[in-house]
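Student: Each chain, letter by letter, is given below.
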Amino acid sequence: MPAGIAATAVYVVFVGLPVLALLVRAAQQESFAGSLTSDLAQQALRLSLFTSLISLLVMVLLGTPFAYLLARSHSRILRVMDSLVELPIVLPPVVAGIAMLMAFGRHGLVGPALTGLGITLPFTTTAVIFAQVFVAAPFYIRAAKLGFQSVARDYEDVSQTLGVSPWRTFWKLTLPLAAPSIIGGLALAWARAISEFGATIMFAGNLTGRTQTMPLAILSAMESDLGAALSLSVLLLIGSLTVLLVLGMFTRRQWLGRL
Amino acid sequence: MTLPKITSMELLAALTLILILACSSGAAGGARPTELVVFAASSLTDAFREAAAGYEADNREVRVVLNFDGSQRLRTQLEHGARADLLASADGRQMDLLAAAGLIGAEPVNFTTNRLVVVVFSGFKPSPTLADLAAPGTRVVIAQATVPAGFYARTVLDNLQADPAFVPNYADQVLANVVSEETNVRSVVQKVALGEADAGIVYQTDARAPNIITEVQVLPIPESRNIIASYPIAILSGSTQHGPAQRFAQRFIDYLMSEKGQQILEKHGFGNAVEVASRPDPGALTGAGDR
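Protein chains in written order, with our numbering: chain A, 50 to 308; chain B, 714 to 1004.
Calculated directly from the structure, the hints in this document are not laboratory data.
From the three backbone atoms N, C-alpha and C, an ideal C-beta is built for every residue, glycine too.
Among the clues, some could well be false.
Said to hold, decoys possible - Just so you have them, the derived chain A footprint on chain B, three or more residues with Cβ under 8 Å:
| hint | region |
| --- | --- |
| 1 | 721 to 731 |
| 2 | 851 to 865 |
| 3 | 891 to 901 |
I would like the entire structure built from these sequences, with the hints used as guidance.
Tutor: Below, the structure is given as structure tokens:
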């Protein structure tokens, strides 16, 4: 028992101290808002919000049908797909970046084909979205799949025997019941997308206003404007805590009842 | 006969003991060589690896540990408490900042020089010229302004803009073509070698690596418009705390300044230390660093 408490204390200090130190140092600056007025900080904020929200949209559009398929189907191929979905979670982000460069780069596997269509991906804001979707989508798909799995198939069958179309059944029955899981997945995926660094700097590059998201800006600012780096870090920290709050809310039973 | 059961606490104690022994066995023992930690600009990668090997051959009791990165990144690490014996930077700015923070242990010594070139991806176009960097649609990569190579690149662009052979807003047009600002110069040359960028401004030493030279064309910059980057090396104040290393740190500087060291640097495309005296400080030419 004492060993357990000691270990817990060590871990809490280990994780808590850096977070506390960040808040303390950021608060010691002359002006929190002032340090965020620089071009670097403003552009990074706007870019991060814009790209992460677009990425979320893409994840929802592509991931929801996929998650539903994974939840309902029993085919062997889809079992294998399951592992593919999980891969970006364990793959080191910088490796993901290199891999995307090898695939979508101007001289990558499909690069020439894309160039033929007039599309160049590296060093564009689109590349930032690619990187974010690649690393964050699994979190959403996984959560959505679990959500759909929790909706008993019987309900859907009964709905359809009552004459409701499959599409309406999905919208009015399955989706609302799976909503808590889905919203939790969205929150986690958003957190992962906005914090993406390795794949972004490798595939999208680092240009203020176009590809320099908040994590990249923090790295660049560290070397010249520590205040901006600290303030951006605190903003991301607040964002992360908000995500945890949302996740916590949606795993509690009372919320499930309210929906 | 039954074996005694080991409780979890005893197991934890045993593991801790093993950990402590493993760590301390590293510290003890006179046969273990002294470590000399050298932070060096990424452009020095190949040259310093060879120099370190030569130095270790002459000084068997020392093991050189090298850390390559953008000079500004190394300076930041040192400001935040990283321990190193020597810093070899690509410009004097980092030294000035460290001196202001009280981290320099001895006067910096300029040990070599470098110049910039433009590298163009081999598949870009048949006979590229410097003017192509300003052409619309050219994808240019340079280092960030805080990186020595990035600062120098902007200085050179301004110098070229002042040259009547180039359009009056050459520098602005080239900077408008920049698609990425890297945090160290080696990343710049890599992006060009991969063909992801059309052109980049790097050191002449970066373009020489065997895996790079086959992928790029090198465009020289007119000598009168180019900069001479002088590289200072300094013993850091943190080094004086662990006595033996400081002696070896000075010896490493001496090695670099010796004929053997200068030959290694020259072999990798660097200029020799003496050149510095004949040219004005590139930082004084224009306010290019503000771009």
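Student: With reference to the structure, classify each hint as holding or not holding.
Tutor: Each hint, compared with the structure:
Given as covered by chain A, the region 721 to 731 of chain B passes the check, having 3 residues with a CB less than 8 Å from a CB of that chain where 3 are the minimum. Remark: the region 851 to 865 of chain B is confirmed as covered by chain A, as 4 of its residues place a Cβ nearer than 8 Å to a Cβ of that chain, reaching the required three. Against chain A, the region 891 to 901 of chain B contributes 6 residues with a C-beta closer than 8 Å to a partner C-beta. That satisfies the three-residue criterion, and the hint holds.
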